[in-house]
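Visitor: Those protein sequences? They're chains A and B, same order as listed. According to my numbering, the first sequence is numbered sequentially starting from 1. According to my numbering, the second sequence is numbered sequentially starting from 1.
Just so you know, the hints here were simulated from the structure itself, not pulled from any lab data. All clues given are correct.
Per label pair, the in silico range of CB-to-CB distance: (1) A:P67 x B:V407: 16 to 24 Å; (2) A:P67 x B:N356: 47 to 55 Å; (3) B:Q333 x A:L64: 38 to 46 Å; (4) B:A399 x A:K107: 42 to 50 Å; (5) A:E105 x B:V407: 33 to 41 Å; (6) B:S20 x A:G159: 28 to 36 Å; (7) A:E193 x B:K430: 39 to 47 Å; (8) A:E190 x B:L402: 49 to 57 Å; (9) B:S330 x A:P67: 32 to 40 Å.
Okay, the calculated bits of chain A under chain B, using three or more residues with CB under 8 Å as the criterion: (10) 37-51; (11) 78-92; (12) 97-106.
No farther apart than 30 Å at their CA atoms in a straight line, the calculated lysine-lysine pairs in the BS3-like style are these: (13) A:K178 x B:K3; (14) A:K111 x B:K17; (15) B:K3 x A:K68.
Where a beta carbon is used, it is the ideal one built from N, C-alpha and C, also for glycine.
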Amino acid sequence: MLKIEKLNKSYGANKALTDVDLNVSEGVVFGLLGPNGAGKTTLIRIINQIIDGDSGKVYIGGELLAPKHIGLIGYLPEERGLYKKMKVWDQMFYFARLKGLSPQEAKMKIKYWLEKLEMETWKDKKIEDLSKGMAQKVQFISTIIHNPPLLILDEPFSGFDPVNAEIIKNEILELKAKGTTVILSTHRMESVELLCDQVAMINRSKKILDGTIKKLKSTYRPEVYSVTLDHLRRDLPAEWISKEDEGSYNFTLPLSGKKPNDLLNELMQYGQVSKFQELIPSMEEIFIHQVKSTENG
Amino acid sequence: MDKIWLVIQREYVSRVKKKSFLLVTLLTPLIFPAIMGVFVWIALEEEDNQALRIIEVVDDNKLFFLESSEQYAFSFSDASPEEAKTLVQEGSRYGFLHIPEFDIKDPVGISFYGEENPSMSLISYLENNLRKKIEEQRLFESGIDPKIINDVRTKVAIKSITMDDEGTETVSDATVNYAIGFVAGILIYMFIFIYGNQIMQGVIEEKSSRIVEILVSSLKPFQLMLGKIIGIAGVGLTQLLIWIVLIGTLTTIVTGFLGMQMPQQQAMEMANPELAQGLAQNTDMGEILQVLSGINYIQIVLSFVFYFLGGYLLYGALFAAIGSAVDAPSDAQQFMLPVTIPLIVAYMGLFVFVLNDPNSTTSFWLSVVPLTSPIAMMGRVSYGVPFWELMLSMGLLIAGFLFTTWVAGKIYRIGILMHGTKPSYKTLWKWIKTNN
Numbered sequence: 001m002l003k004i005e006k007l008n009k010s011y012g013a014n015k016a017l018t019d020v021d022l023n024v025s026e027g028v029v030f031g032l033l034g035p036n037g038a039g040k041t042t043l044i045r046i047i048n049q050i051i052d053g054d055s056g057k058v059y060i061g062g063e064l065l066a067p068k069h070i071g072l073i074g075y076l077p078e079e080r081g082l083y084k085k086m087k088v089w090d091q092m093f094y095f096a097r098l099k100g101l102s103p104q105e106a107k108m109k110i111k112y113w114l115e116k117l118e119m120e121t122w123k124d125k126k127i128e129d130l131s132k133g134m135a136q137k138v139q140f141i142s143t144i145i146h147n148p149p150l151l152i153l154d155e156p157f158s159g160f161d162p163v164n165a166e167i168i169k170n171e172i173l174e175l176k177a178k179g180t181t182v183i184l185s186t187h188r189m190e191s192v193e194l195l196c197d198q199v200a201m202i203n204r205s206k207k208i209l210d211g212t213i214k215k216l217k218s219t220y221r222p223e224v225y226s227v228t229l230d231h232l233r234r235d236l237p238a239e240w241i242s243k244e245d246e247g248s249y250n251f252t253l254p255l256s257g258k259k260p261n262d263l264l265n266e267l268m269q270y271g272q273v274s275k276f277q278e279l280i281p282s283m284e285e286i287f288i289h290q291v292k293s294t295e296n297g
Numbered sequence: 001m002d003k004i005w006l007v008i009q010r011e012y013v014s015r016v017k018k019k020s021f022l023l024v025t026l027l028t029p030l031i032f033p034a035i036m037g038v039f040v041w042i043a044l045e046e047e048d049n050q051a052l053r054i055i056e057v058v059d060d061n062k063l064f065f066l067e068s069s070e071q072y073a074f075s076f077s078d079a080s081p082e083e084a085k086t087l088v089q090e091g092s093r094y095g096f097l098h099i100p101e102f103d104i105k106d107p108v109g110i111s112f113y114g115e116e117n118p119s120m121s122l123i124s125y126l127e128n129n130l131r132k133k134i135e136e137q138r139l140f141e142s143g144i145d146p147k148i149i150n151d152v153r154t155k156v157a158i159k160s161i162t163m164d165d166e167g168t169e170t171v172s173d174a175t176v177n178y179a180i181g182f183v184a185g186i187l188i189y190m191f192i193f194i195y196g197n198q199i200m201q202g203v204i205e206e207k208s209s210r211i212v213e214i215l216v217s218s219l220k221p222f223q224l225m226l227g228k229i230i231g232i233a234g235v236g237l238t239q240l241l242i243w244i245v246l247i248g249t250l251t252t253i254v255t256g257f258l259g260m261q262m263p264q265q266q267a268m269e270m271a272n273p274e275l276a277q278g279l280a281q282n283t284d285m286g287e288i289l290q291v292l293s294g295i296n297y298i299q300i301v302l303s304f305v306f307y308f309l310g311g312y313l314l315y316g317a318l319f320a321a322i323g324s325a326v327d328a329p330s331d332a333q334q335f336m337l338p339v340t341i342p343l344i345v346a347y348m349g350l351f352v353f354v355l356n357d358p359n360s361t362t363s364f365w366l367s368v369v370p371l372t373s374p375i376a377m378m379g380r381v382s383y384g385v386p387f388w389e390l391m392l393s394m395g396l397l398i399a400g401f402l403f404t405t406w407v408a409g410k411i412y413r414i415g416i417l418m419h420g421t422k423p424s425y426k427t428l429w430k431w432i433k434t435n436n
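Use the sequences and the hints to build the structure in full.
Guide: What follows is the structure, given as structure tokens:
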């Protein structure tokens with residue numbers, strides 16, 4: 001769906017993107033992860049043709065990115081905004097028309113979405129009279145009103161209350177099921193782990209990692225197990241720093257080259273093993289690990 | 001192109017639908033005739049109701065006589081100045097005019113005493129009468145009968161006729177031309193300021209509420225800027241049109257109504273003393289009509305529309321650029337100077353140079369340089385401008401607004417996405433130089 005090759009962008013002396021390659025397959029939810037200031041927004045703005053890259057190529061559906069592709073993308077920027085004095089319906093209509101829908105199509109789509117998210121009663125209200133959550137729903141609908149095959153959401157859940165965040169999450173999954181490709185950009189990596197199929201991590205203008213979540217997690221597992229022992233038969237070695245809780249001892253153990261079964265056998269010598277579980281790294285931990293390893297050379 | 005049209009529509013409709021637009025559009029034309037009406041009414045009332053003011057005159061020369069009017073009565077007495085002053089203080093006299101004994105060749109020391117400042121008209125009435133009397137007296141002393149002087153006094157009015165190369169003659173009148181240039185220049189000046197500011201506010205609103213990022217993912221920043229400028233121009237033209245119609249109708253009604261109570265001449269003086277004076281010189285009504293019909297209305301109207309829009313577009317782009325560079329209206333101040341100064345220069349130039357001498361070198365340059373021409377040229381057009389000068393000025397104005405729009409587009413496109421930094425002229429220059 002989206003392919004980026006050797007994309008560079010700098011603002012004066014500041015590098016915002018350095019040789020970024022990206023490949024987003026069709027129909028996936030793609031997480032663009034990285035701390036604030038890493039270059040995510042710059043990348044998104046280039047895909048949206050708000051700004052141009054200095055060098056490198058962006059392909060969308062196999063074609064070099066061009067103004068005619070604007071209608072293929074739905075974009076929810078991190079900083080949201082609506083015309084405060086405009087009515088909900090007028091606002092949606094305006095955005096839909098700007099994205100290239102005909103008046104009839106726009107009317108139909110607005111009606112569909114207002115009904116779907118139970119918002120028909122406030123279609124004649126001005127944005128300034130709406131609650132924040134309502135306004136965000138309007139914003140979300142304005143983003144997807146033209147049925148874009150590619151949806152780019154920058155920090156989609158920031159500012160949403162839990163109820164609305166859930167609604168939006170479900171809508172995203174529903175759109176995905178219909179074949180929409182979704183790019184989620186966020187610095188809160190834990191928020192998208194369950195949603196994303198693929199991720200790319202960006203730090204200080206460079207892509208440092210990408211792949212499917214499953215693959216990343218297995219590649220970057222720390223090979224550490226979380227263990228709980230009951231009914232100790234003998235004292236634990238001093239280097240296993242454990243925490244006692246009413247006769248149960250909790251600690252973590254690295255494999256240190258052994259096979260899990262061997263480690264388990266060893267543990268059984270000390271007492272009854274009531275928990276033996278491999279630690280799965282969070283995306284954040286993988287990110288930090290990767291940042292450290294790239295920085296150390 | 002479709003998208004620019006959508007932006008134009010939104011900008012236009014969202015403004016025209018506002019209650020404040022309706023209010024300003026409908027009330028402003030009411031206010032002008034209302035103010036005029038109130039003045040006329042007050043003047044009429046004053047004349048009717050004012051108590052006769054008595055002025056004590058002590059003339060030590062025993063020479064002068066002042067004719068009493070509806071407002072003022074003059075009482076000549078032999079009272080001493082001190083007695084007269086007491087009369088004023090007691091309130092039985094409005095004022096006291098003291099004419100001390102003087103050499104008629106050097107009349108000094110005439111004083112007016114009153115409890116309040118006398119009006120300009122009273123002072124000039126007194127001065128005129130005294131001067132006339134002194135002049136008569138001196139003529140008399142030199143052996144000339146003042147009556148002869150009155151007989152030889154003649155009134156001269158020059159009928160000015162302009163000819164073009166084909167020999168067509170048109171009767172013109174500088175006063176009418178002056179008035180047309182004056183009104184047109186002021187209208188353009190006001191329009192640029194009021195609507196230029198609206199452009200700026202609109203850009204700042206879109207920028208600070210972050211709508212702009214969504215918009216520019218759907219259309220080019222340049223389209224957005226142009227759409228806004230054109231949309232707001234539409235609002236301004238609509239307003240102007242409504243005003244012209246409303247003011248025209250209301251003024252006709254008001255003056256028509258008051259005209260029954262007041263001689264036409266006086267009503268005109270109230271409205272515009274200079275114009276009235278000019279008309280008074282050509283008392284021949286037919287001649288005035290001749291002057292009015294001699295004006296090239298088509299050229300004036302076309303030029304007005306052209307400079308009205310051209311000036312607006314030229315400055316509108318600059319206002320948009322300023323709006324895009326700042327985060328809040330209060331920050332805009334620092335960039336306003338390069339916009340306000342040429343506008344004020346044009347405005348002052350219109351009065352100081354152009355209207356007084358439309359064909360001077362200064363007037364020529366003011367009316368050709370694009371930053372000042374929209375206002376200054378209107379002051380010349382009504383007098384008639386050589387065709388090539390008009391074309392040069394218009395051509396330069398078109399080039400001018402293409403240039404400012406191009407520069408503004410460069411600043412705008414970067415400015416609208418910049419938050420939290422206060423740009424300087426240096427950063428703006430850097431934006432202009434940046435290619436993408």
